[in-house]
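At the far end of the first sequence sits residue 1061, using the working numbering, and the numbering has no gaps.
Heads up, a few of these hints could be off.
Once the Cα atoms are required to be at most 20 Å apart in a straight line, the calculated EDC-like pairs of lysine to aspartate or glutamate come out as [claimed, not checked]:
no.	residue 1	residue 2
1	Lys410	Asp310
2	Lys600	Glu432
3	Lys642	Glu453
4	Lys767	Asp317
5	Lys463	Glu379
6	Lys770	Asp317
7	Lys448	Asp713
8	Lys992	Glu886
9	Lys300	Asp828
10	Lys1045	Glu1018
11	Lys720	Glu736
12	Lys739	Asp948
13	Lys671	Glu653
14	Lys308	Glu424
15	Lys814	Glu853
16	Lys866	Asp297
17	Lys652	Asp675
18	Lys866	Asp780
19	Lys767	Asp780
20	Lys1056	Glu886
21	Lys1056	Glu1042
22	Lys1051	Asp949
23	Lys307	Asp411
24	Lys320	Glu766
25	Lys436	Asp675
26	Lys436	Glu853
27	Lys710	Glu453
28	Lys652	Asp470
29	Lys600	Glu575
30	Lys671	Asp780
31	Lys410	Asp831
32	Lys486	Glu424
33	Lys443	Glu653
Just so you know, the hints here were simulated from the structure itself, not pulled from any lab data.
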Amino acid sequence: MDGYSFEPKIKEKRWKIDFEKEMIERWKKEDWWKFRPDEKKPVFVIDTPPPYPAPLWHVAAALSYTFQDMIARSRRMLGYSVLYPIGFDGNGLPIEFYMEKYLGVNMFEHDREEFVRLCREKLAEWKENMKDIMQRFELSGDYEENYYETDSEEYRKLTQLTFKILWDKGLIYEDERPNNWCPKCRTTIADAEVEYKEMEGTLYFVKYKVKETGEDLIVATTRPELLAGCKAIIVHPDDERYKHLHGKTAIVPLYNREVPIVPHPAADPEFGTGAMHICSFGDFEDVRIFRELGLEPVKVIDIDGRLTKAAGEDLAGLTVKEARKKIAELLREKGLLVDEKKIKHRVPIHERCNTPIEIIPMKEYYLKQVEFKEEMKRLANELTFIPERYRKNLIDWIESVSIDWPISRRRYYGTEVPVWTCKKCGYKLVKGGDKYWQPWKEDPGEKCPVCGNEEWEGDKRVLDTWMDSSISVLYITRWQRDSKFFEKVWKGEKLRPQGYDIIRTWLYYTLLRVYQLTGERAFDYVFINGMGLDKHGRKMSKRLGNVIDPWDIVERQGADTLRLWLAMEATPGENYRINEEKISGVKKFLTKLWNIARYVSMYPYPEERPTLLPLDHWILSELNQLINEVKEAYRNFNFQAASRRLYSFTWNIFADHYIELTKRRARMDDWSEEEAKAAWWTLHTVLKSLLLLFAPITPAITDRIWRELYGEKSIHYEVFPETINGVEDFHGLTEKIMEFDSVVWKAKKEKGIKFYEPIEGIEVPKELEPFKEELIKAHRLV
RNA sequence: GGGCCCGUGGUCUAGCCCGGUAUGACGCCUCCCUUACGAGGAGGAGGUCCCCGGUUCGAAUCCGGGCGGGCCCACCA
């Protein structure tokens, strides 16, 4: 063997999870993941969802972020400069809820300054922990120069600037109108934050009297506690039962108020008794009819979800639930409750806290959105959705928008509404852009431009958190902050990865806001990931006890394994089940890849390309095919196709056939050194390409092998390989070769001959003529 | 009430747009301790392609209806 020892350069017999951790530490010191705009390269922007900090990150969330990472890595290797910032969204209710529970206080009874400070401290702690998990999952985002927090001064300053710009454009206005109100959070919320939940309820049949005729009129309602707010009774115009009552007067039980009986198509003759009372406010139908009939609403429920004095002494101060029980008793005592039926109905709840919402008129700021519906639909149609079917989801939501977006919230931990009202003349002073303003504790430091007064009432409210997060793409591209950077980056391709659950909020609001601020479409692509479920297809929840700790699973399985499993298993937009048995199965592949590299590492990599033999041409033509297909799959964000194709090529073609067939040649058994070199060169060329193609999916193992064999620097500085030139195309013969190998191996097995021993009586088929010599020597056919 | 998506061996999945009785993986069974890998190799069993009907020489694939699962929208008081 003339001076060749064939000792594997890779010593370890298998891939270890510890190697992964070493690699992560090395990456932290490098800069391949940094955004370095380069004139020659196209820019690709990934507007990653800034996660809400939490003590323990949900494993399914961590996995959906690895999809984004695969996008970032594959785009880099396709030759883009990729802006992939890591951010956190700390604004909003969850931290406030947490802090209330932690301190055992009601937020509104606590010092605002201190409360906000405590929230900020706790969030900072969680953010650090989450950054660690992100890095452990090998997310190659920018944790430094382009890192951001939506609750930072810098970010909130930008949010306030957008408020000012839109205010000046006349797109934001203040108005008092009935709105969704969460009594628990004591704030107005938008339609997008309302969910409907099927709940058991009671349908009460309440007896009204008709003033003119003295007859009873029975009305069915699920909300008897709103009786004090009843201002009309409607019946369907064609309902024969009630035609004689049109224009007559009903008397509200208990309250003895007179209300008109009006024919109106909104009443469904099939439901209850066909007569429906209109109260302020049971639902938005009530609101509409109040407006239509010019009725004056009564405020029956206050901001804490308790009944007001208007409801009478017996009910005032009670919660809605208590009041409902109480009024039912009162009605029952007086014989005014004719019947009660259990029904299932859909109740609107606040998605953040599951509290049934009330409809209460409050003065709030609104952002115009109704008049943008057509434009929004146009933008929705211009986007590329992955997968396509979610476009409809967005369009459905846009079509359902019927009122403007209430954007002010009566909470503490959020971006302050940057408005002061002149105490003398009522002028609204709006600031923004110069600094981060906190009107609840700060003076604007200027005189009223209208009346010259210096006394201001600072607004105490904050903005809906979606007002912040809907400009993330503008923030990361440094709009209004660094025009040179913005110009360069904004014209690049932009992608929004996210879950389908926030299409109507984050995606919709972003399109709306970016359009209002810049006149442009926020993105080119929307990539929708599915949700991770447990192995039985159920959502993970504390209640079911099926929550997987991300640290736990990543330490047990390794991030590369999880990533490869995810790529192979999960279809974009479809939910997937996290099944550890399957994950362990995928783990074997990494061992296989490692050992292929270990085997190849026994041979030197000739610098010059030697004269290749037919089997070398064959595997290289298969490789060329693979390179084209995998790059195309990456271009289409199809990680499933990319990973599966790579997996099967590596294992079923390269390892099982090419390597087996060239083992004797590589060791120069029956072959010359020149011919061996051809095999060495081919082995390395294929391995090198495989490492590059696998790098976005399994970044650690590929980088480790790469550095041991091919370079000082990380594989992640590289781009995907080009196809190999000067290769005779034999890829059509792959099936034949594999079949022939099987025949030989089977025959040897049947005769009890070892694979490396000679066998008699097998002919190489005609189609495989080009490979005849190699096949004969490889299988030792005599 | 309206709309959308999904339903392929134990589990997951390709194919469906452009019809010819099914792809791959995990798991399972049998055999083989062969010089990169026993976390290996060779071979094998296992499927009414949710159901019913239609179109067709022929349907997982096209059409109609149903069942099951998921999602979105809508005021059922």
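Results for each hint:
1. Lys410 x Asp310: Status holds; Cα separation ~17 Å.
2. Lys600 x Glu432: violated (41 Å)
3. Lys642 x Glu453: holds (7 Å)
4. Lys767 x Asp317: Within the cut-off at roughly 10 Å; holds.
5. Lys463 x Glu379: Holds: Lys463 and Glu379 sit about 12 Å apart, inside 20 Å.
6. Lys770 x Asp317: holds (13 Å)
7. Lys448 x Asp713: holds (18 Å)
8. Lys992 x Glu886: holds (19 Å)
9. Lys300 x Asp828: Roughly 18 Å separates the two Cα atoms, so the pair holds.
10. Lys1045 x Glu1018: The given pair, whose Cα atoms are some 13 Å apart, holds under the 20 Å limit.
11. Lys720 x Glu736: Given that 20 Å is the threshold and the Cα spacing comes to 10 Å, the pair holds.
12. Lys739 x Asp948: violated (84 Å)
13. Lys671 x Glu653: Judged against 20 Å, a Cα distance of about 15 Å means the pair holds.
14. Lys308 x Glu424: holds (14 Å)
15. Lys814 x Glu853: holds (15 Å)
16. Lys866 x Asp297: holds (14 Å)
17. Lys652 x Asp675: holds (11 Å)
18. Lys866 x Asp780: violated (31 Å)
19. Lys767 x Asp780: Not OK: Lys767 and Asp780 at ~32 Å, beyond 20 Å, violated.
20. Lys1056 x Glu886: violated (26 Å)
21. Lys1056 x Glu1042: holds (12 Å)
22. Lys1051 x Asp949: holds (14 Å)
23. Lys307 x Asp411: holds (12 Å)
24. Lys320 x Glu766: holds (15 Å)
25. Lys436 x Asp675: Judged against 20 Å, a Cα distance of about 33 Å means the pair is violated.
26. Lys436 x Glu853: violated (37 Å)
27. Lys710 x Glu453: Distance ~16 Å between Lys710 and Glu453 Cα, so the pair holds.
28. Lys652 x Asp470: holds (15 Å)
29. Lys600 x Glu575: violated (25 Å)
30. Lys671 x Asp780: Holds: Lys671 and Asp780 sit about 14 Å apart, inside 20 Å.
31. Lys410 x Asp831: The given pair, whose Cα atoms are some 16 Å apart, holds under the 20 Å limit.
32. Lys486 x Glu424: Not OK: Lys486 and Glu424 at ~68 Å, beyond 20 Å, violated.
33. Lys443 x Glu653: violated (24 Å)
In the structure shown, a violation is registered for the earlier hints numbered 2, 12, 18, 19, 20, 25, 26, 29, 32, 33, in ascending order.
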